[in-house]
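Take the sequences, apply the hints, and build the full model.
There are 2 protein chains.
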Amino acid sequence: MHRKQIRLNAFDMNCVGHIQHGLWTHPRDRSASYNTLGYWQNLARIAERGLFDGIFLADIVGVYDVYKDSAAPSIIDAVQIPVNDPLLLVPAMAAVTRHVGFGVTCNLTYEQPYLLARRMSTLDHLTNGRIGWNIVTGYLDSAARGMGRAAQPDHDDRYDVADEYLELAYKLWEGSWEDDAVLRDKDNRVYARPEKIHRIRHHGRHYQLDAIHLSEPSPQRTPVLYQAGASTRGRRFAATHAECIFVNAANKPLVTSIVADIRAQAAAQGRDPADILMFAGRTVVVGRTHAEAEAKFRDYQAHASAEGGLAHFSSSIGVDLSRYELDEPIRHDKNNANNSALEAITSRSKEPWTVRRIINEMGLGGRQKPFVGSAEEVADDMIAWVEETGIDGFNLSRTVTPECLEDFVELVVPILQERGVYKRDYAEGTLREKLFGPGRARLAASHPAARQRRQGRDQAVAGVLADAVT
Amino acid sequence: MHRKQIRLNAFDMNCVGHIQHGLWTHPRDRSASYNTLGYWQNLARIAERGLFDGIFLADIVGVYDVYKDSAAPSIIDAVQIPVNDPLLLVPAMAAVTRHVGFGVTCNLTYEQPYLLARRMSTLDHLTNGRIGWNIVTGYLDSAARGMGRAAQPDHDDRYDVADEYLELAYKLWEGSWEDDAVLRDKDNRVYARPEKIHRIRHHGRHYQLDAIHLSEPSPQRTPVLYQAGASTRGRRFAATHAECIFVNAANKPLVTSIVADIRAQAAAQGRDPADILMFAGRTVVVGRTHAEAEAKFRDYQAHASAEGGLAHFSSSIGVDLSRYELDEPIRHDKNNANNSALEAITSRSKEPWTVRRIINEMGLGGRQKPFVGSAEEVADDMIAWVEETGIDGFNLSRTVTPECLEDFVELVVPILQERGVYKRDYAEGTLREKLFGPGRARLAASHPAARQRRQGRDQAVAGVLADAVT
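Going down the list, the sequences are from chains A and B.
Taken in order, the first sequence gives residues 1 to 470; the numbers are from the numbering used here.
Taken in order, the second sequence gives residues 1 to 470; the numbers are from the numbering used here.
In case anyone wonders, no lab produced these hints; they're calculated from the structure.
Incorrect hints may appear among the rest.
Which copy is meant is left open, so a pair is good if it fits within one copy or across any two.
[Claimed, not checked] Capping the alpha-carbon separation at 30 Å, the derived lysine-lysine pairs in DSSO-like fashion look like this:
1. LYS68 x LYS186
2. LYS369 x LYS186
3. LYS252 x LYS423
4. LYS350 x LYS369
5. LYS350 x LYS68
6. LYS369 x LYS423
7. LYS68 x LYS369
8. LYS252 x LYS4
9. LYS186 x LYS423
10. LYS423 x LYS4
11. LYS186 x LYS252
12. LYS68 x LYS4
Given the structure is predicted, the values throughout are model-derived calculations rather than measurements.
This is the structure in structure tokens:
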């Protein structure tokens with residue numbers, strides 16, 4: 001019997017402390033080398049050795065300063081600060097790999113669509129079709145202040161802006177250059193045909209543009225679209241646009257309901273639910289035996305920082321957790337801009353959430369307790385998650401790096417392969433083809449981006465077509 | 001006698017046709033592979049073999065659509081369209097080199113200072129101090145329309161905005177993190193010290209920001225600053241900020257006067273004129289003999305595109321040259337937004353400029369006629385330029401690529417070395433140290449960026465200093 005194949009992303013970030021805080025202090029941890037090319041090229045090689053589908057790079061523009069009303073705890077523990085630009089890692093990692101994909105977070109709120117579209121096209125060219133874009137709209141007021149605004153726009157408004165942003169990006173990626181626009185015909189001295197290149201005239205509520213896309217068609221055109229919104233509005237956005245969705249919830253019933261809800265919403269919009277892959281966040285500490293894994297976990301744990309975790313978590317939920325006693329129930333403030341994140345954790349259980357409980361559940365100073373076990377136990381756990389919740393795979397957070405990824409590749413991947421739930425080789429083609437099958441380099445016809453295509457619709461010649469560039 | 005050392009940049013762009021148009025049709029030209037990593041890594045290796053100081057990457061966001069009132073001529077000849085993002089080439093090139101620097105064009109008009117500063121810091125980290133920023137404010141209305149504006153801001157206004165932009169960028173690069181802010185102290189579990197990291201509060205005419213810089217200090221902090229403005233306002237800006245200046249003028253007297261003027265202006269502002277290096281644009285076709293070079297030139301010329309050159313040039317000067325008869329003098333329109341570029345060419349001589357004359361002077365379909373000769377002749381020409389005009393080196397444009405760079409490295413570099421005007425090995429250190437000497441990783445104290453430094457000025461502890469992040 002053919003079993004559902006598990007998809008894997010290495011979840012990382014161009015910084016020292018990503019999710020599991022304090023572990024940079026472990027003697028074997030190399031995350032403080034995040035600012036060197038060798039560090040990232042090594043990571044990419046390990047991921048490709050393990051046949052990972054992708055390296056998923058988070059990003060944040062801003063600093064976590066809600067806890068103790070200060071950025072100091074984040075700075076001391078390197079909690080996503082300093083944080084360097086993630087896109088610039090991709091070319092170096094792509095140069096030493098052939099297959100692994102790259103899902104990169106870019107906050108659209110502060111980037112011109114005309115330029116962001118070009119960046120993504122450039123990377124799709126340079127990686128030969130291995131780029132994905134994790135669409136975020138940002139949630140930190142500290143980011144807004146970096147851009148000269150007092151605060152973030154409202155949560156739902158940000159998604160309305162994002163909808164229009166994507167519509168415009170699709171026009172540039174899918175609608176500006178026809179498939180046969182580029183000839184590269186040296187003999188007849190025609191690089192590209194103007195009559196096959198269309199000016200995008202977009203006059204929307206939030207964006208104005210009157211230009212052709214600056215890049216010629218890349219292997220995937222639109223990058224593979226990742227998204228991670230858990231709120232009602234975020235899920236609607238994901239169901240509309242996303243191809244890979246990061247479901248950030250800790251227990252199976254919640255993940256199951258989110259997965260079912262998003263697939264139903266996608267279907268209601270005319271998309272094939274199979275065109276969406278869902279990834280659960282997971283942190284794994286694996287050993288050759290259960291005892292070895294437990295010992296490793298205790299060793300890691302001795303280097304973890306609960307303070308760093310609270311600094312991160314306070315910004316995520318918009319609540320300064322330093323104002324609470326250890327066992328005081330955390331209150332739900334209706335005016336909190338990050339309500340949805342707080343809701344997502346508080347709705348997990350009937351028990352009241354307290355700082356003590358948060359620290360206990362984090363385990364390693366991060367936001368999620370690791371799964372600790374032998375390779376077989378880890379594999380069983382992953383398979384159970386996939387079978388019981390309907391997810392397709394995992395974003396694996398790092399602990400002590402890069403050994404955590406090496407351990408996983410060496411120990412868990414062979415077991416997953418034995419169990420028939422993990423590929424033994426990469427498929428050929430672009431990232432989208434690897435994820436969705438041969439012939440799927442481009443977005444499906446049922447995706448809203450496809451509406452922006454022109455091929456076969458208006459094949460008019462130059463001078464006739466009003467929006468051809470001549 | 002120690003002779004003045006010649007500095008060299010390979011001048012290139014993430015596109016097919018850069019300066020010398022039509023040459024992509026030459027059988028040996030590889031510029032249509034601009035969208036692959038291997039093409040750029042090969043170029044970087046050749047440049048480093050030739051001990052080039054830098055690879056200078058131009059950029060344009062927009063399309064040349066003045067000629068024939070259409071983008072079609074540019075598209076047919078691939079005249080800087082398609083054009084991909086240049087910054088994304090740097091990590092891949094840096095990964096296969098150790099010394100060569102990278103000067104990359106970024107248009108500040110459409111980039112948030114908070115994000116651009118982080119991009120540059122990221123690259124300075126990843127390249128280990130080999131990044132430079134070519135500061136441009138853009139000149140194309142077609143770029144403005146890509147960003148939802150009707151036209152570019154006025155020329156001089158753009159430089160006022162740029163002055164403030166740089167002030168803000170200096171604050172982030174030089175003033176946010178003190179030199180000893182980052183400890184990476186695993187034992188005491190302190191990555192960085194909050195009391196050594198300062199919030200930048202900038203409330204200017206054009207920009208608002210209230211944030212710490214997202215990146216920790218990189219080897220050079222501020223990237224090496226390149227600039228190319230030739231106008232009066234542009235020269236003032238260059239004299240204030242730039243360390244490497246691209247002087248784009250075709251004859252020695254004009255270059256001599258620009259060089260002298262900029263050095264005088266820099267001195268008047270308290271900067272050491274020796275802290276500025278000036279580069280002339282130059283295109284070279286070299287052979288083992290003069291006859292071989294001439295034959296090569298004729299072969300290249302047969303593939304050049306005058307039409308492509310006119311398309312490029314029409315946008316540069318803001319005049320649709322298709323409206324002129326071949327021998328009709330080109331008129332000077334006082335309302336032309338690109339007046340300074342037109343002035344720069346028309347002031348070169350008393351003879352009236354005509355389309356025929358432009359085509360003749362271009363030689364290879366570009367904007368500048370190549371220098372054609374044997375390696376000795378090329379070396380003599382370069383030395384004469386340096387000695388007579390006071391420039392420090394050259395930005396060498398490509399013709400048929402990469403063979404033009406290979407030819408130069410193989411044939412001309414050894415002659416320049418024999419003549420004692422070119423290094424036989426790289427100096428150690430960052431790009432700025434390679435250009436200005438040991439101990440010069442950071443900008444000189446006389447540079448305006450240095451005013452934004454805090455070290456040794458306010459060593460207050462956390463909680464006392466109002467702008468420390470605690």
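State whether the alpha carbon distance between LYS252 and LYS4 is at most 30 Å within one copy, between copies, both, or neither.
within (18 Å within a copy, 71 Å between copies)
At most 30 Å between CA atoms: does that hold for LYS252 and LYS423 within a copy, between copies, both, or neither?
Classified as within: same-chain Cα gap 24 Å, cross-chain 65 Å, threshold 30 Å.
30 Å Cα threshold - placement of LYS4 relative to LYS68:
Answer is neither; intra-copy 46 Å and inter-copy 58 Å both fail.
Within, between, both or neither, where LYS186 and LYS423 count as close if Cα-Cα is 30 Å or less:
Neither, since 42 Å and 39 Å both go past 30 Å.
At 30 Å max between alpha carbons, let me know whether LYS68 reaches LYS186 within a copy, between copies, both or neither.
between (64 Å within a copy, 23 Å between copies)
Intra- versus inter-copy proximity for LYS369 and LYS350 (alpha-carbon distance at most 30 Å)
within (19 Å within a copy, 78 Å between copies)
Given a CA cutoff of 30 Å, do LYS423 and LYS4 count as a within-copy pair, a between-copy pair, both, or neither?
within (10 Å within a copy, 61 Å between copies)
Can you give me the call for LYS369 and LYS423, within, between, both or neither, at a CA distance of at most 30 Å?
within (27 Å within a copy, 57 Å between copies)
Since the copies are identical, ignore which copy is meant and state whether LYS350 and LYS68 lie within 30 Å (CA to CA) inside a copy, between copies, both or neither.
Intra 27 Å, inter 71 Å, cutoff 30 Å: intra-copy only.
Classify it for me, LYS186 with LYS252: is the Cα-Cα distance of at most 30 Å met within a copy, between copies, both or neither?
Neither: 58 Å inside a copy, 36 Å across copies.
Please work out whether the CA atoms of LYS369 and LYS186 approach to 30 Å or closer within one copy, between two copies, in both situations, or in neither?
between (59 Å within a copy, 23 Å between copies)
Alpha-carbon proximity context of LYS68 and LYS369, limit 30 Å
within (23 Å within a copy, 64 Å between copies)
The structure fails hints 9, 11, 12 (numbered hints given earlier, in ascending order).
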